[in-house]
Every structure is written in C-alpha cells, then in structure tokens.
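Participant: Listed in order, the protein sequences are those of chains Y and H.
Numbering of the first sequence is given in my numbering, commencing with residue 52 and proceeding in unit increments.
Numbering of the second sequence is given in my numbering, commencing with residue 404 and proceeding in unit increments.
Simulated from the structure, these hints should not be mistaken for lab results.
Mixed in with the good hints there might be a few duds.
Said to hold, decoys possible - Within a straight-line C-alpha distance of at most 27 Å, the following computed DSSO-like cross-link-like pairs (lysine-lysine) qualify:
no., chain 1, residue 1, chain 2, residue 2
1, H, Lys785, Y, Lys194
2, Y, Lys194, H, Lys625
3, H, Lys752, H, Lys785
4, H, Lys697, Y, Lys194
Single-letter residue listing:
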Amino acid sequence: MTKALQAIRAGSDQPSRSAAFRHFGILALLAFAIALPAIASPYTLFQLAGVMAFAVAALGLNVITGYTGQVSLAHNAFFAVGAYIGAMSTAYLGAGPLGSVVIAAVVSFAAGFVAGIPAQRLRGLYLALVTLAIAVSVTPMIKQFEAYTGGVVGFRVDQPAPPAWLPISQDSWIYYLVLLFAAIAFFMTYNLLSGSVGRSFVGTKEAELAAGSLGIDVARSKVMAFAYGSMLAGIGGALANFSIGYIAPDSFSLMLSIGFLAAAVVGGINTIWGAIIAGIFLQYVPSFASDISQALSGAIYGGILIICVIVMPKGILGSLPRLIANFQTIRRESRAEATKALNKVAN
Amino acid sequence: MPKELCRLTKPMVAMVAACGIAALLGLQSPPVAAAEPTPGITENEIVLGTSTALSGSNAATGTIGKAQKAYYDFVNAEHGGVKMGDGKTRKIKFVMYDDALEPARALQNARRLVEQDKVFAIVGSTGTSACLAARDYLNQRKVPQAFLSTGAPMWGSDVAKYPWTFGIWPAYNTEAAIYARYIKEQVPNAKIALMGDDSGGPLFTNAFVEAAKKEGLNIVIKEAYSNSDPTIDAKIDRLAASGADVFVDATTTKFTIQGLKRMAAIKWQPVHIIWGVSNSIGAVLKVAGEEASKGVLSGQWYKDASSSAYANDPGVKQFSEKVVQYGSGIDPHDSNAEMGWIAAEAVVKTLEQMKSPTREAFMEAARNMKDQSVSLLLDGVKMTMGANDGYLIESLQVARFDGQNYVPVGGLVSYEGKTPVSH
Numbered sequence: 052m053t054k055a056l057q058a059i060r061a062g063s064d065q066p067s068r069s070a071a072f073r074h075f076g077i078l079a080l081l082a083f084a085i086a087l088p089a090i091a092s093p094y095t096l097f098q099l100a101g102v103m104a105f106a107v108a109a110l111g112l113n114v115i116t117g118y119t120g121q122v123s124l125a126h127n128a129f130f131a132v133g134a135y136i137g138a139m140s141t142a143y144l145g146a147g148p149l150g151s152v153v154i155a156a157v158v159s160f161a162a163g164f165v166a167g168i169p170a171q172r173l174r175g176l177y178l179a180l181v182t183l184a185i186a187v188s189v190t191p192m193i194k195q196f197e198a199y200t201g202g203v204v205g206f207r208v209d210q211p212a213p214p215a216w217l218p219i220s221q222d223s224w225i226y227y228l229v230l231l232f233a234a235i236a237f238f239m240t241y242n243l244l245s246g247s248v249g250r251s252f253v254g255t256k257e258a259e260l261a262a263g264s265l266g267i268d269v270a271r272s273k274v275m276a277f278a279y280g281s282m283l284a285g286i287g288g289a290l291a292n293f294s295i296g297y298i299a300p301d302s303f304s305l306m307l308s309i310g311f312l313a314a315a316v317v318g319g320i321n322t323i324w325g326a327i328i329a330g331i332f333l334q335y336v337p338s339f340a341s342d343i344s345q346a347l348s349g350a351i352y353g354g355i356l357i358i359c360v361i362v363m364p365k366g367i368l369g370s371l372p373r374l375i376a377n378f379q380t381i382r383r384e385s386r387a388e389a390t391k392a393l394n395k396v397a398n
Numbered sequence: 404m405p406k407e408l409c410r411l412t413k414p415m416v417a418m419v420a421a422c423g424i425a426a427l428l429g430l431q432s433p434p435v436a437a438a439e440p441t442p443g444i445t446e447n448e449i450v451l452g453t454s455t456a457l458s459g460s461n462a463a464t465g466t467i468g469k470a471q472k473a474y475y476d477f478v479n480a481e482h483g484g485v486k487m488g489d490g491k492t493r494k495i496k497f498v499m500y501d502d503a504l505e506p507a508r509a510l511q512n513a514r515r516l517v518e519q520d521k522v523f524a525i526v527g528s529t530g531t532s533a534c535l536a537a538r539d540y541l542n543q544r545k546v547p548q549a550f551l552s553t554g555a556p557m558w559g560s561d562v563a564k565y566p567w568t569f570g571i572w573p574a575y576n577t578e579a580a581i582y583a584r585y586i587k588e589q590v591p592n593a594k595i596a597l598m599g600d601d602s603g604g605p606l607f608t609n610a611f612v613e614a615a616k617k618e619g620l621n622i623v624i625k626e627a628y629s630n631s632d633p634t635i636d637a638k639i640d641r642l643a644a645s646g647a648d649v650f651v652d653a654t655t656t657k658f659t660i661q662g663l664k665r666m667a668a669i670k671w672q673p674v675h676i677i678w679g680v681s682n683s684i685g686a687v688l689k690v691a692g693e694e695a696s697k698g699v700l701s702g703q704w705y706k707d708a709s710s711s712a713y714a715n716d717p718g719v720k721q722f723s724e725k726v727v728q729y730g731s732g733i734d735p736h737d738s739n740a741e742m743g744w745i746a747a748e749a750v751v752k753t754l755e756q757m758k759s760p761t762r763e764a765f766m767e768a769a770r771n772m773k774d775q776s777v778s779l780l781l782d783g784v785k786m787t788m789g790a791n792d793g794y795l796i797e798s799l800q801v802a803r804f805d806g807q808n809y810v811p812v813g814g815l816v817s818y819e820g821k822t823p824v825s826h
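Chain H on its own, in the form it takes in the complex:
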C-alpha cells in the first residue's frame, strides 16, 4: 500500500473501531414491554392501517383499500365517528400503503404502520403472500391483522400459532367443500374437470381435490395455467375433450371471460361452477356476454350491486351512493369495492363491541362474534367465530346466473364451525 494511503488509513481504521465500540456501548437494549397505553387509540381517535396493491399488475385489488377508506370517511362525516364499547365516540384515521402485492414491501408497510404511524390495528389487507409476509411480525408484536381480504385457508386454521390474524372472506376450503357437496347431490356420477391459475388457484384446487375425495367424486381432468399465459383456449378444448360434464372453474377474471367465450364457441355445456373470485356479474359475466354466461353457477355470500334483484335493498343503495360520494373514482359495480366496504363495516362492528380501548379487547370482540351481519352480506350469511372456529364467514348460497341476475338454487349452505382443514 502506498505510504500516503497508509497515513490516511491507520487513523481511519482506528476511527471505525472506535465507532464500533461506541455503537456497542450505546446500543438500545431490547424493547421492554411497559404498561404503556395501547398505541393508535386516544379519547377521540383510533388509527387503523392497511397494505394493498395500488400499483403494478394487481392494482385493481387496491379498490378494496380505497373502499374501506370511503366507508371510514362516511362514518366519520355522517356519524361523527364510531361509538365504541367503552362509551366513547372516536373518529377513524385510516392509513393506506402500497405494496403492489409484493411480500417484502408488505412487511415493510406493516412495520411502518406499527412503528412509525403507530396504528392500533391492521385491517383488510389483500394478497395471500403479502399478508403471510407480515403475519409473523404482527403476531410477535401482538398487533391485530384482522379481516384480511383473501380466502386463504390458513387464516382460520393456524389460530393457535397466529392468534392475532384472521380473514373475512369465506375460505377456499369452505367454498370447495360446498361445491363438492352440491355436485354430489345434484349431478350423480359427475365427471369433473378442474382448472385453476397457479397463484391463488392451488389453494382452492387442492382443497377441492380433497373435498371431492371425501365425497367420492370423480375428477377426470385437472389443468393449471399461469397468469402470464396469453390464452387458455387450448386448455378449455382439452377439458371439453375429456368428456367432463361438470367444470369447476378457479380461473381469475380475465381468463374466466376467455373460458366462457371459448366454451360457447366450441359448444361445450357442462354444469359450470365458477369460484367466488371471478363470479362478478358486472366484471365477468356481462363482459363475456349473456349467452355465454347464462346458466353459470357460483357461491354467493354478499349482495352483488350489479344485480337488479338488489336495486331496492337499503344496504346496497347506501353502498352505491356513499362509496361514490366518499371514494373518488370508485365504481360501485366493482366487486372489490364491495369487499372493502364489507371489511370496513365489519371492523366498525367490532369496534362497537370492544369493551376497553386495547388490542386484546379488539381481538376478543372479533373472536367472540356470534351471528353478526353487515349490510352487504346476503340474508342468512352471518359472521361467527369461536374458540375452535377461526373462520368468520362459512356459508354460501349456490346460485345460477339467468342472464341478468343470480337466482338461488336450493337453500343457503352453512359449514359454520365445520370448515374442513385443508392440507
């Protein structure tokens, strides 16, 4: 090493070492849990946070977050806030960050919400792997990760390990079991074709394969596609060629539309069951065309605002009016807007039942929900959890699309407290 550099370097190395020692001496010791008041809640305000996709290819999901914000703004403006179980009325401050559904950013957002914004709870976040990335951290910190807008089975099955986490959507394993039961009862000797995408799909298709085995059903063909595929026409052709007479369809919206059109073109007319992710009248069935989508079956748990059957329903009317008023640019026919509204209303319902202003009380109120409802849920669909039941909504109404609306087929099917654990 040249002399000049040596002269400069030696004091510098000493400086680095000194800094290291100083850092070690001055380091903060691990945080000590003191009896501090719960963060994010004061006499007149409660701070909630969410992480969702506002950019990237999944940005449409972000409407779930925006609709939640619209609901809290509506409650703050028209009811002066939420009257909580301790008798105090608090305004809701809602902080929303973009994670583009990337797990690493979702964890970063969770930490930012908890450590910097000091939120009381994280609610209504989207994306299964994004929520999974934040789950350990939030449970370690004992921060509620509540009313997650995803249907992943583990929210309800891992309660012992992750008591601070739960979802709101009917889980894919509940839905799969209900369809398997329906097929068993309605289509004797069914030959089933099953298709799902390779991201959220396997959670559903795996659960369906298990449920089908339990019911003794015969799956003759199973296909998967990737979201980057340009078309699934060839796969639909293969399903049709298999001679299947029931098609359980766990494709995502764009591909569901493609599939419906292809099925009409090749005149394949099985009993067609579409999972809840892609059963929107406005975003899927009407786009594919009335002729192509007539007769489609799907499980319903909320009132589709696109359906004329609910044109006079007070809950749907209020939603359609207020979500536009308080949420700029939200389309009330977008089912994601309804998902957000439902989650936010469920959050408010929980806050109303909280006995004290603590995170523990929030979780207690949520975990002890019995037969609760919010305005957009179908009549008879209730929110219930319990000591051994980590799933909030476990009933579906199987319905057939008649070209305009969903018409119920049979009664509401409830798996309350009986959702099969999916592996």
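Only chain Y is shown next, with the shape it has when bound in the complex:
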C-alpha cells in the first residue's frame, strides 16, 4: 500500500545527480555502440544484433511482468507473431526493413491487446495458464497455415542490404538498423514508464484496490501493458529476422518463453535497462554453458540462473543500487573508523 502511494506520488521527479549520471551512462553506451562496428568482427556484430533483438523483446516482458505484475508465458508467441508478420510483409508485400518492423509492431500490438483482455480479470496462476495455452499453441498454428508460413520447413527472409552509396558490410548495416530500432524502443519505453502511465502500471501491480481508488483504470492499465509488452516482443521478433534471415516453428517453442522469463529476472525485471542484460544472457549464456561442458550445458545454464537469483534477487541491474550503497556504506564506515583511529593517535 505505502509502496503504491510512493510510486504514485513519485510524480514530482527531482532532477538529481543520479539521473544525470544515468543519462551520461546511457549516452556513453550509445556512443560506444555506434563506434563498435569499426573495431568488432562481423561475427560479433551478428551476435550483438541478436542481443539487441532479444533485449527489445525482454523489455516487453519487463513491462508486462516487472512493471505491471502480470505473469506471461506467451512471450514466445508474440515474438513469433512479430517474426512471421515481419517476414511475410517483406516476402508478400515487399516491405523494407522499416515497413516490416512497423507492420509487425502493429499486428503484435493488436494480438497482445486481444490476449490481454482475459488479463483484466485473471491473476497469478490463472493468467499464467492462459498465457501458457497461447505459448504452446503457436507452433501448431504456424504449421497449420503452411501455405503462408512455409510450415515446418519455415521460410527464408531477405536480409536488409546496405544502400550502394554506403561503404559498409551487410553485418554492420544490419547491426545499425537493429541498434536504431532498439534505441527507439528503449527511448519510447523509458518515456512511457517515467510518466503517469508507468506510475499507473506500478500502482496496478503494487495494490490494485488502492490504485483503483485513486482513479487509475486498472483494467485498462493491464490490457495496455500487455499490448505494449507484446508489441515490443513482436518488434524483437521482426528485428531477429534481420540477422537470421530464416524462420521456422522450431525457433519459437515454449522454451523460448521460459528463456525470456529467466533472462528478464536475471537482468532485473523491474528495470528498463535490465532488458539489455537479459538480451546478453539469452544470446550468450546457452552457448557459454555448452562450451564449459557439452554434456552438462542444461545443468550449467540452470546453475548460472540459480546463482544469479540467490546473489542478486532483484536481477543484476535491480541489485546494482544496493550493491553500490553497500559499498559506499562500507567505505564511509571504514573512513570514519580511520578518522577515529587517527584522532586517537593524535590524542
């Protein structure tokens, strides 16, 4: 209750030093990301394009689950909707990269809106079950509409090629495109969540009744969060097409949803920027686990997850402020002790 009120009252954002630092950090990250193709290998750029596509989708889950408190296992489905709609709009409508992402975003927003309707009334386990049903039905659905989706064999998507006047490789071009869309998605979400919409989301999560009594349309918040989060998943799916260039139902199993949820928790599900860590986790940890031991990759993946959750229950980014605060306290205390000791010596 108090938390909810705090969240709602927090409207009068004080421009603080930490906010300035955050902006500095974000811009520095962006500058680094823009400069990267000059030094990174094509393979690294390909991997980072994957990281960003996953990060955008994970951001959607942070909005749905982290901010609004709705458990969604259907993230694979919306990722798939985005990927297929993006691919089909390129293949059948001749849409370019921008067009394919926009169409994918609109369709996955609509799909998320429809799927979000039951979320108005269902909570916790029941909502999880409904989204589970969506998650497991996506693969059969793709196979069912074989004429359009290519069925089990999937289909090839033309990857965006750099314009002739730009002397960069295709990997760099794809990387920049994905970076552009990811930056827009993060900027949009940041603005959305730091305003009244974000506060109504958090209020809905922390205390529905209280939020309702303060005039927040709780049902609308839930559906909008679901639709918006699903749209981000769809954008992520469409962005993944850029670097992969091929889609098949095997890419969108229930395991992908579980992966999203795990990665979002590791990154910090109550944060915006934790989604970037989630993207890194989704892209790198499976192959990293398999590199350590091919026989035990599943166990190592699980182990990394458990350690992250135990050591940093709020996720890597969510726990960072506390870790820094702890560090500062320790420093302050040790300084105080040192001063005390010095005083003693002086006396």
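Since chain Y is already given, all that's left is putting chain H on it; use the hints.
Facilitator: Quick look at chain H alone, frame taken from chain Y:
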C-alpha cells in the same frame, strides 16, 4: 529538461555524433576475396565442424555428432589421420557446437565455425530447419555443408541454387516412392492409412501422397499428431476403424512404440510399413515387444548393429568396438551412433579423393562420387551423385522384422538418379 542535465547532455550528444562519424570513416569495407589459402586446412591438419542438438528435448540427436567425433578420433589414433588425394596425410580436428536444433542457434554456430574456428567444411549437421537456417550463409561463403544427417528432399533438389549443400540419408521422397511402389506390387487394391508427426512428418507424408497418386493408390485416411501429444491411441483407433489394410507409419520413435502396442491391443493387423526414422530394432521394435512388432516392414539402407544377422560383419564389429572405445558413453545399438559413423566415414572417403586441398575440390570429389560404399552400408547400397543427381543414397532394401532381425523381402530397390522431385 533540468539545467544540470542539459549541461551534461550537450557534450554527450556531440560525443555520440563524433563516435558515429568516426565509426563510418573507420568502417571496414566489404571483405575482398583475395587469393588466400583455403581456411581450415594445413599441411598436416584439416578442421571440420558440425552443429547438432546436445541439449534440450532433441538431445538424443547429438549422438550423431558424438559418433562422428569418435570416428575421426579413431582415424587419427589408429591411421595417423587421413591420406588425402594430394598425397599428404592430415589429422582431423573436429569442432562440435550445440544448437538444440533451434534454427537461430544453428546459424550462429555456422558463423562461429566459419569465422572464428575457420573450419574447412561443416559436415553431418542434424535437423532440417537447423540446416536450412545455415544454408544461405554457407552457400554465400562457399563453405561445404556436406553429408547432412536429415532426409529432407530439398538437399538434393535445390542443387542449382545451393551447390555447397547435400545430405547423406536417403531422402524422404525416395523412401516414399519406394514404399508406394512396394504397396502397388505386393498389396493389390490396398486401402492405405497414413500417419505422420507434424515436424519432420509432412516432408515424408506429402511425398508419399504424391507417390501414391502417381502409382494410383488409394489413401483412405490420413492423420497427423504433434510431438507434444501425450498419446496417439485414439488416432490409431481411428485408422483401424477406417478399414485400411496397409498402414504407412511416419511417426517418431516414442509414438511408433505406442502405436505398435495399441495396434496389438486392438488386434489391428494391417501391412505395417514404418519409415526409416523409427525402424531401429533396439530402440523401437524390441521396446514395443516382439509380439507387437513382428511382421513390420521397413526400408533398410545400413546394417543395424542390433541385428544378430550382422554379428560377424567386419564393418559392424569394428563400429561396435571402436565407437565405444573412442566415444565415451555411446551405445552402439543406438541408430544415431551408426548415422554419425556412416557420415564421418563418407567424409573421410571424400577427403581421400580430393585432388587439391580446397573447398572446391572437396565438393567436386563429393559431387562426382560413383558407386562408393562405407562399411556400415548394406551390401549393394551405394553412394552416387552426378551433374543432375543431388541425392547421395537412393536405394533401399524392404525388409520384414521376424521378431529378431530384419529379413529382406525381394531385392534391393534402387531409384539411383530417379528420385522424384517432391513439391
């Protein structure tokens, strides 16, 4: 925006812009093809890679990769490597990555193998959609994607567009055509029931429907199930109720066993043809029980190590002994282990015939294979490709399971160079 932020942001925006300009100026231009030596091959070593499922629900497939590694380790240890067509003997270094049969990870692995590990070729990878995901990339890069362990028809039919890709298994369309011909000859006026799973199955069932049409056969019922279904009993009942007297069964192993048991329980005894994916004696037929699986028909192209008929076969003996010695924890009765061994032996055979240490020479040697054999292939089954023939193995021996072993029915059926193109 608060003043303090503005002060901080302006220089930062300038910095971002500067970085962008720097990046654009310093960007690498598109890679230029120089006359560099072929990657992954030196005077005494050749590096090969594969991508397969070592984790996830398809992890059993990974045995195909592990058995390949066992074979290369065996060749390195006991023959000092492979004596290639240019007269030099090279050891084989084999790099294997896990893709859990997910297409995106398969492409990532392909890129890692080519760009970081600098492999000479990618061989024996598994999973149709996983291999499809990597196909465009590997063909653009002109890296062989060879001896794929999947039966998908497109490996052999898209040669003009994807000259660097080919498979090793008899394609599903070859297999389907052979069964259709067999039914036409052996069961006049057959009423056929057809069932397949919804992942690899459609590639086979679609090909079978086409082949049946060509032979003028009558398919009275067609069913599909999903791998997430708990049971297919009800579907088997429906097939039985249709009055079909031939059952063409393209189910995957777990469901094949279920189906065999259900058929025995309801005493439905059609002519039962099981596709090659699920015809293992050790992993399927013996598990379902001798009574339930007696009389089952299937197309054979390799010697089943579980069969006592090959207990004294030198190839099978060597395989059973060495795969255990060099591959830790591999069960020689696992048909996936045989698949890997066959693929690896075929790779070595190709290396032996390469005239020069280049990827082009590798593909040339493979594409020009004529009547080659490896130790685990059935007698008479040969590997042949040609200018208009993208399929490596195109013959099958239809055989009946007598409760212990497969007994050949009729002679070897060869579609060499005649595999019908499947749509």
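Participant: For each hint, tell me whether it holds in the structure or not.
Facilitator: So, going through the hints one by one against the coordinates:
Restraint check: the Cα-Cα separation between Lys785 of chain H and Lys194 of chain Y comes to about 35 Å, which exceeds 27 Å; the hinted pair is violated. About 16 Å separates the Cα atoms of Lys194 of chain Y and Lys625 of chain H, which keeps this hinted pair within 27 Å; it holds. The hinted pair formed by Lys752 of chain H and Lys785 of chain H meets the criterion: a straight-line CA distance of about 13 Å does not exceed 27 Å. Taking the CA atoms of Lys697 of chain H and Lys194 of chain Y, the gap is near 34 Å; set against the 27 Å cutoff, the hint is violated.
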